[in-house]
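Visitor: Chains A and B are the protein sequences, given in the same order.
First residue of the first sequence? That's 1 in our numbering, and the numbers climb one at a time after it.
First residue of the second sequence? That's 1001 in our numbering, and the numbers climb one at a time after it.
Just to be clear, a hint being listed does not mean it is correct.
Straight-line Cα separation of at most 20 Å, SDA-like style, residue types lysine to any residue; simulated pairs [to be verified]: (1) A:133 <-> A:105; (2) A:275 <-> B:1119; (3) A:275 <-> B:1138; (4) B:1122 <-> B:1138; (5) A:229 <-> B:1111; (6) A:229 <-> B:1067; (7) B:1060 <-> B:1079; (8) B:1122 <-> B:1064; (9) A:229 <-> B:1064; (10) A:275 <-> B:1167; (11) A:364 <-> A:392; (12) B:1122 <-> A:392.
Non-contacting residues of chain A with respect to chain B, defined by C-beta distances greater than 12 Å in every case (computed) [stated by the list, open to error]: (13) 219; (14) 224; (15) 311.
Since the hints were derived computationally from the structure, they do not count as laboratory data.
All residues carry an ideal CB built from backbone N, CA and C; glycine is no exception.
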Amino acid sequence: MRRGMGLFLALIMVVLVGCSSSTPAPATSSAGKDPAANTKPIKLGLIIPATGASVEAGRFQKQGAELAVEEINKAGGVNGRPIKLVIEDDQSTNPGAVAALQKLLEDKEIPMIVSSIRSTQIQAMLPTINEAKIPVAIGGTNYGLTHSNSQWVFRFRPHDGMSAKVMVKFVVEELKKTKIAVVHNTDAFGNGGRDMVIEALKPYNLKIVSDQGFNTDEKDFTGVISALKQSGADAMVSYIANSPDLGILAKQMKQQNLNITWVGSPSITGQDGIKLAGDSLNGTYGIADYNADSSPKAKAYQTAYKAKYNNEEPDHYSAWSYDAVTIFAEVMKKNPDLKADALRTALLAIKGFQGAEGEYTFDKNGDGLDHYNIVQNNNNTFKLAKTLHVPRD
Amino acid sequence: MDLPIFGQNLLAGVAIGGVYALVALGIVLIYRATNVVNFAQGEFSMLGAYALFALTSGLKLNYFVAFLLSLALMAVLGLLFELGVYYPLRNRTFLPVVIATIGASIMFQNGALAIFGSSPEKLRPVIQAGTHGGITLGGVFFDYQYVVILIVTGLLVVIQYFFFEHTLLGKKMQATSQDKDMARLLGIPVATMIAITFIYSTLLGGLSGMLVGPIFFVTHRMGGMLGMKAFAATIIGGFGDVRGAIIGGLSLGIVEALGAGYISPIYKDAFAFLVLISFLLVRPQGIFGEKVSEKA
């Protein structure tokens, strides 16, 4: 009896849902020559960590995307059709990201998706993206993501291969240092970074003088610091993602009187690192893909962002999703029928498009950017030292 | 050998070993009273650090007032923990209780994540003086906070030893830990003794968190590593003895630091667990063994 009842109710629901979703269709088509269809919102998928460890990053990513949507819709949308974000939570995990992606893919009205900033999540999503065959924006910087024969991922940040080249170029050519040590987490990000620094030093006929790896969540860096002292290094390049690690290392370097030139991966300019390290990071250099002083467009983005979000400073967590939505809208304007193949071709044709992060020119791998800004920590404010472009591969 | 560098590495080992010892003391205490390893002990450190952070940075209380208030909060938490996690399972074997402490530890971590977020926080050190929070003597930097930790750990070991061996309450608690039924027959209020043990070891855990917070920074994950290393220290030192906690903690810290400094920082954790595994193979009862040898 109960089962029969349940089945009956389910049947009623199916009928109701079926009706509600099928009724608008004839209504729009019967409206004749287009005006109704023209103002129907375009859905754009957005995957963010709304729960779990990365919620902060998720909030920035969402704010950047929403700012772009607001600007596009104010300016008349995509040929008159407003953009509407459909947001799914990736729960800060890989399975969560894949589930969120699948949920968005089930909605066939979504022509493009802006996904994660985390390389590991994108790696998990890649097979699904390749099967779905619709353009997906990514913010993860792992080199392999755009170099594993996927036709459908488009990166809106520079990749890690570029960060190593930029850091090495800056240390060797601008700062004239030759005895370079690498300090890094022993995870995929840190070890990968170390390998690319070694690679980037080859054209200069240089080798690293010390390779110092440590486990994430290390609490004492005395061993690393004494090894650096004994190696005679005059500069260090670091790939450290975990901000407590960065904070403790910086503090102990000052305590144990190790003063060498330090150029670090983006976390060294992040708010968490500064909060923890206090003044210990003063004078260090960091790389950042977004910097408000790097271009007029970046400045305009900062102004708009601060106005909309209570004077909060924007960073790359929001800038890339802002750029992704903006550029997606741009290619949709040129391809109003929103066919995946045409959108992909249009994205690959983007050349010299000025975004908040920098100038986008997509190459055949789907990489949009090839620059990094080098900034220097000056009593915990960041001064743009140089914007360096590097050759792509 | 470069003497200041050796000194710096040795000091790092002793200091971090002192932290392990402090957390291990709490594990030994609860084990002695209930025969249960409390896997949430590391989380008590994390919660203590967050309590102090919330009171000083959130409510802007005076540091020392906030310190005492946090300790009081930890005492309340200890009682609640005993009533919620241990008491309902007290008549079962040790395994359900151990699982319950693991569950509690997961809950504490995620609770802290939900309340305080994933961004790490900075805590004020006890002594605010010196350049970079310490002093350089003979080429070796002494972080005042580490000095405080070592003094506090030393004091607590002495107090704890005295308490268990020379006070009536301590002896009642020992009796409870050795044979609950016998203790009950002798008129010792077993439930109260156990509750007191939980309160005290939660206090210890919280205290360790408040002391290491300025050095390690406060995150919802900070308790996991601390608890794990303290557990290893307890195995090395032996579960039955408070001296074991301090010797185990210090030797673990020193092995790690010298291994990292002179062999490779990458294998730092591996050195620690190598020592642990050697002890499990060669001397599973630890350096000091258990006080009552026939206990399983």
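Visitor: Measuring Cβ to Cβ, find out whether residue 311 (chain A) lies farther than 12 Å from everything in chain B.
Guide: holds, 19 Å
Visitor: Would you mind confirming whether the straight-line C-alpha gap from residue 275 (chain A) to residue 1138 (chain B) stays at or under 20 Å?
Guide: violated, 31 Å
Visitor: CA of residue 229 (chain A) to CA of residue 1111 (chain B), is that 20 Å or under?
Guide: violated, 41 Å
Visitor: Between residue 229 (chain A) and residue 1067 (chain B), does the CA-CA distance stay at or below 20 Å?
Guide: Distance ~38 Å between residue 229 (chain A) and residue 1067 (chain B) Cα, so the pair is violated.
Visitor: Does the claim that residue 224 (chain A) lies outside the interface with chain B hold up, using a Cβ gap greater than 12 Å?
Guide: The assertion about residue 224 (chain A) is violated, with a minimum of 5 Å to chain B.
Visitor: Holds or violated: residue 275 (chain A) and residue 1167 (chain B), Cα atoms, limit 20 Å.
Guide: violated, 46 Å
Visitor: Going straight from one Cα to the other, do residue 1060 (chain B) and residue 1079 (chain B) come out at no more than 20 Å?
Guide: Violated - the C-alpha atoms of residue 1079 (chain B) and residue 1060 (chain B) are around 27 Å apart, more than 20 Å.
Visitor: Given the proposed pairing of residue 1122 (chain B) with residue 392 (chain A), does the C-alpha separation stay at or below 20 Å?
Guide: violated, 40 Å
Visitor: Given the proposed pairing of residue 1122 (chain B) with residue 1064 (chain B), does the C-alpha separation stay at or below 20 Å?
Guide: Roughly 17 Å separates the two Cα atoms, so the pair holds.
Visitor: Does residue 392 (chain A) lie within 20 Å of residue 364 (chain A) when you go C-alpha to C-alpha?
Guide: Answer holds: residue 364 (chain A) to residue 392 (chain A) is near 11 Å, not above 20 Å.
Visitor: Straight-line Cα separation of residue 133 (chain A) and residue 105 (chain A) no greater than 20 Å?
Guide: holds, 10 Å
Visitor: Given the hint that residue 1122 (chain B) pairs with residue 1138 (chain B), test it: the Cα-Cα distance must not exceed 20 Å.
Guide: violated, 29 Å
The structure fails to meet hints 3, 4, 5, 6, 7, 9, 10, 12, 13, 14 from the earlier list, while all remaining hints are met.
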